[in-house]
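Protein chains in written order, with the UniProt record's numbering: chain V, 1 to 351; chain F, 1 to 505.
FYI, nobody ran anything at the bench for these hints, they're computed from the structure. No experiment lies behind these values; they were computed from the predicted model shown. Do not take every clue at face value.
Said to hold, decoys possible - Listed next, the stretches of chain F that the computed footprint assigns to chain V, with coverage defined by at least 3 CB atoms under 8 angstroms from CB atoms of chain V: (1) 45-51; (2) 100-106; (3) 205-213; (4) 466-478.
Said to hold, decoys possible - Restraint ranges, calculated between C-beta atoms of paired labels, are given here: (5) F/115 <-> V/66: 54 to 60 angstroms; (6) V/325 <-> F/47: 38 to 44 angstroms; (7) V/325 <-> F/53: 47 to 53 angstroms.
Where a beta carbon is used, it is the ideal one built from N, C-alpha and C, also for glycine.
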Amino acid sequence: MKRKPFVSRQHRRPLVAALLALPLALTACSTDGESEDAFAAEPGALQIYSSQHRDVTQAWAEAFTEKTGIETQVREGQDSSMGHMIVEEGEASPADVFLTENSPAMTVVERADLLAPVDEETQAQVRDGMAPSSGRWTAVAARSTVLVYNTEMISEDELPDSIMDLADPEWAGQWGAAPGGADFQAIMAGMLADRGEEETRAWLEALAENSEVYQNNIATMKAVNAGEVPVGIMYHYYWYRDQAGDKEGSANTQLHYFGQQDPGAFVSLSAGGVLESSDMPDEAQQFLAYVTSPEGQQVLVDSGSMEYAVGAGVESDPALPTLDELDAPPVDPFTLNSDTVMELMTDASIL
Amino acid sequence: MRASSRSRGVAVAATLVAALTVLPLVVVLLDASSAGVEEAVDYLVRPRVGELLANTGLLMGVTVPATVVLGTLAAWLVERTALPWAGLWRTLLLAPLAVPAFVSAYAWVTVAPWLTGFGGAALVTTLAYFPFVFLPVAALLRSLDPAEEEVARSLGLSPTRAVVRTVLPRLRPAISGGALLVALHLLAEYGVLEMMRFQTFTTAIMQRYAVGFSDASGSLLASVLLGLCLLVLTLEVVARGRRRVSRVGAGTQRPATRARLGGWTAPALVMLGTLVGLALVVPVATVLRWLGSAIGDGLVDDLLTVTASTVLLALLGGLAAVVAALPGAWLLNRRRSALTVLLERSTYLASALPGVVVGLALVTLAIDWARPLYQTLALTVLAYAILFLPRAMVALRAGLAAAPPELSEASRSLGLGGPATLVRVVLPLIGPSVLTGFVLVSLAVSTELTATLLLAPTGTDTLALAFWRETSALDYAAAAPYAAVMIVLSVPLTLLLRRQILEER
Numbered sequence: 001m002k003r004k005p006f007v008s009r010q011h012r013r014p015l016v017a018a019l020l021a022l023p024l025a026l027t028a029c030s031t032d033g034e035s036e037d038a039f040a041a042e043p044g045a046l047q048i049y050s051s052q053h054r055d056v057t058q059a060w061a062e063a064f065t066e067k068t069g070i071e072t073q074v075r076e077g078q079d080s081s082m083g084h085m086i087v088e089e090g091e092a093s094p095a096d097v098f099l100t101e102n103s104p105a106m107t108v109v110e111r112a113d114l115l116a117p118v119d120e121e122t123q124a125q126v127r128d129g130m131a132p133s134s135g136r137w138t139a140v141a142a143r144s145t146v147l148v149y150n151t152e153m154i155s156e157d158e159l160p161d162s163i164m165d166l167a168d169p170e171w172a173g174q175w176g177a178a179p180g181g182a183d184f185q186a187i188m189a190g191m192l193a194d195r196g197e198e199e200t201r202a203w204l205e206a207l208a209e210n211s212e213v214y215q216n217n218i219a220t221m222k223a224v225n226a227g228e229v230p231v232g233i234m235y236h237y238y239w240y241r242d243q244a245g246d247k248e249g250s251a252n253t254q255l256h257y258f259g260q261q262d263p264g265a266f267v268s269l270s271a272g273g274v275l276e277s278s279d280m281p282d283e284a285q286q287f288l289a290y291v292t293s294p295e296g297q298q299v300l301v302d303s304g305s306m307e308y309a310v311g312a313g314v315e316s317d318p319a320l321p322t323l324d325e326l327d328a329p330p331v332d333p334f335t336l337n338s339d340t341v342m343e344l345m346t347d348a349s350i351l
Numbered sequence: 001m002r003a004s005s006r007s008r009g010v011a012v013a014a015t016l017v018a019a020l021t022v023l024p025l026v027v028v029l030l031d032a033s034s035a036g037v038e039e040a041v042d043y044l045v046r047p048r049v050g051e052l053l054a055n056t057g058l059l060m061g062v063t064v065p066a067t068v069v070l071g072t073l074a075a076w077l078v079e080r081t082a083l084p085w086a087g088l089w090r091t092l093l094l095a096p097l098a099v100p101a102f103v104s105a106y107a108w109v110t111v112a113p114w115l116t117g118f119g120g121a122a123l124v125t126t127l128a129y130f131p132f133v134f135l136p137v138a139a140l141l142r143s144l145d146p147a148e149e150e151v152a153r154s155l156g157l158s159p160t161r162a163v164v165r166t167v168l169p170r171l172r173p174a175i176s177g178g179a180l181l182v183a184l185h186l187l188a189e190y191g192v193l194e195m196m197r198f199q200t201f202t203t204a205i206m207q208r209y210a211v212g213f214s215d216a217s218g219s220l221l222a223s224v225l226l227g228l229c230l231l232v233l234t235l236e237v238v239a240r241g242r243r244r245v246s247r248v249g250a251g252t253q254r255p256a257t258r259a260r261l262g263g264w265t266a267p268a269l270v271m272l273g274t275l276v277g278l279a280l281v282v283p284v285a286t287v288l289r290w291l292g293s294a295i296g297d298g299l300v301d302d303l304l305t306v307t308a309s310t311v312l313l314a315l316l317g318g319l320a321a322v323v324a325a326l327p328g329a330w331l332l333n334r335r336r337s338a339l340t341v342l343l344e345r346s347t348y349l350a351s352a353l354p355g356v357v358v359g360l361a362l363v364t365l366a367i368d369w370a371r372p373l374y375q376t377l378a379l380t381v382l383a384y385a386i387l388f389l390p391r392a393m394v395a396l397r398a399g400l401a402a403a404p405p406e407l408s409e410a411s412r413s414l415g416l417g418g419p420a421t422l423v424r425v426v427l428p429l430i431g432p433s434v435l436t437g438f439v440l441v442s443l444a445v446s447t448e449l450t451a452t453l454l455l456a457p458t459g460t461d462t463l464a465l466a467f468w469r470e471t472s473a474l475d476y477a478a479a480a481p482y483a484a485v486m487i488v489l490s491v492p493l494t495l496l497l498r499r500q501i502l503e504e505r
């Protein structure tokens, strides 16, 4: 069937050689030779597991290295899975520091007894009520729940008074959310703490039935902007970022803050903690101290992430309403129960 | 005596490879069984799982037949008819292989935002996967001796009947092998379906992973997926048939007479043109359009680093998979028995699972039993070998089928030893197939997402990871450079595959 196989083999050789040489050439091209070390954890570098936004984490890590000379290396992940991953790694986790987007992921690690106490000076740097009484972690940033609405489809006085109203039949098919994400699940943990299991369960069932499901906050916002649904649940900062940029995803929208201590006014804390098993505990504590310091919090504000600064006396971006104006529900952020939320969401056939 | 001890060695190697690939499955099943019967039933028997099952089945039911029809028809048009510019069409029809499926989905999402859900999912997967059928069928059609067809014609069969009686039976292994690849890919597809917002078992497993890392519920879903995979593999064994497709000696063969298309020329051109337009032009043009608005500072440095690590991973993964596939493929070709088929099929199982499942299983294994391997390059490459072994296997088997045992036996009877036979007889015959397998696996590795995310050493960034990061943030412009490099990297590999068809003479 294949005649002259030897000839064709010879023909192929240059091609194979070229293919095999490609990575070498590319490696040689990559200017600083970094790629040689790209496949190993850097010895002596502080290992930061982070489910925070990449740009924020990098801004902190770079500023910290510049200030202290301590090298850092970041492993990226998502809130909940990364929290559980650290638990699975247990005592031998390579991580020194863990940064989350929402506090429930940190609570997972805290409950597994894997967190070291945060230095008291560090805890004293953040606003009151922004570090749990256990002293095992601290807030490093905060974000507020909002309702984004398309101003061409709905007027301000037609908006719901409470996030709970979205469960009413009149809102069927009128709202979007991203229930698969950790952000939304944190909001649910807040609702659960504030309103109890029955009400949250009923609301989630309405969500499964009535809402449009999107991949994440940005997709929700863009869908509202494009008029796919009139309103959507999301965190505030995606909108402010887009507004500060080209407004491509938010030009037709405004934000509605529920306030009035509604579950829809839930403020979620991004958390930072040091792993008990860290082999660089001092450097890890230094890092957390830096992140919560006025200087580190200013890095957050200047990064354009539009998240709230939580450092005592540090002003967030002036475009944002202040944290106090949000009138968030009186929920203890340190007892938020993501496990029950998962169960409820599973029961409601969302997960 | 020597021969039997040698084949025993190969059998041991093949068994070891099979055991290694089954290992993640064992972890998944053990983990799932830790849930307990009652909890498992509670979790699995509910509307949500029914919906996932229906969605997965629907997608398979549409995309697999669609790729088989399109792939076979296109291959026949290009290789066996007087289609104008057949050479150009051959290249264009293979070119979609260079566009990763999730890049194609990304393009479609930005071009036609309304095209989500089942329609979008079926369209994009069909366009992305039909070359898996086109490639083996075209290669086989080219190498097929037209004499059989001519004999059938001389015995009074109509042209169509002659094709049905002589050509189609020969194509069966190629078609069913291609369809198998498509089906397995669909079962494990994540990127396209997530972008199209169409939920299947794999997207649900990713969601489960996102909330609970590796809890039992994820493993329960993965177990169902495993069941589906077993079903697909069984169906393929039936579809493939037991006929031998090699023959001894090439004889003196001449190219087949190409069928005249006559009035069908225009429709055929329109069909192929549409196919290429949708599968190739739309994604490439979209990436180029976004690329224009993506040029910024620091981009080139970042792109080079990310590309270098991607290429290295791809080459290592390709090498590992081919080496791992060789014993099994050889054994299957020489000693086809229930046992060897079982060995081969078992290597397919893990590959139907999404990367995240295999990745999590390996994470668990490494943490519990092989701590030094955790988050290392070695474990990452192992995962690639497990995930993409079937790609190497399919290619190697096709090659070995062209190197029938009789040739090796003849060589040995002429006094050559085992290694010399391998080097002088078998390798030259299967060399092209080895390369094909290597290329197919490398292509897959260069776009792998979820296993890389879990297993790669801290600090590793790949094109797929970077692309996915930007796409998830719906920053289509920032994603474009990574998509462009993935496409460019795949082009030489796709050209290599084209050569493969051309050399099937």
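How the hints compare with the structure:
1. 45-51: holds (count 4)
2. 100-106: Check failed, 0 qualifying residues.
3. 205-213: Three-residue rule met by the segment 205-213 of chain F, so holds; n is 7.
4. 466-478: holds (count 4)
5. F/115 <-> V/66: 54 to 60 angstroms: For residue 115 of chain F and residue 66 of chain V the Cβ distance comes to about 47 angstroms; the hint is violated.
6. V/325 <-> F/47: 38 to 44 angstroms: The hint (38 to 44 angstroms, Cβ to Cβ) holds, given that residue 325 of chain V and residue 47 of chain F are roughly 42 angstroms apart.
7. V/325 <-> F/53: 47 to 53 angstroms: With Cβ atoms ~48 angstroms apart, the hint holds.
The structure fails hints 2, 5 (numbered hints given earlier, in ascending order).
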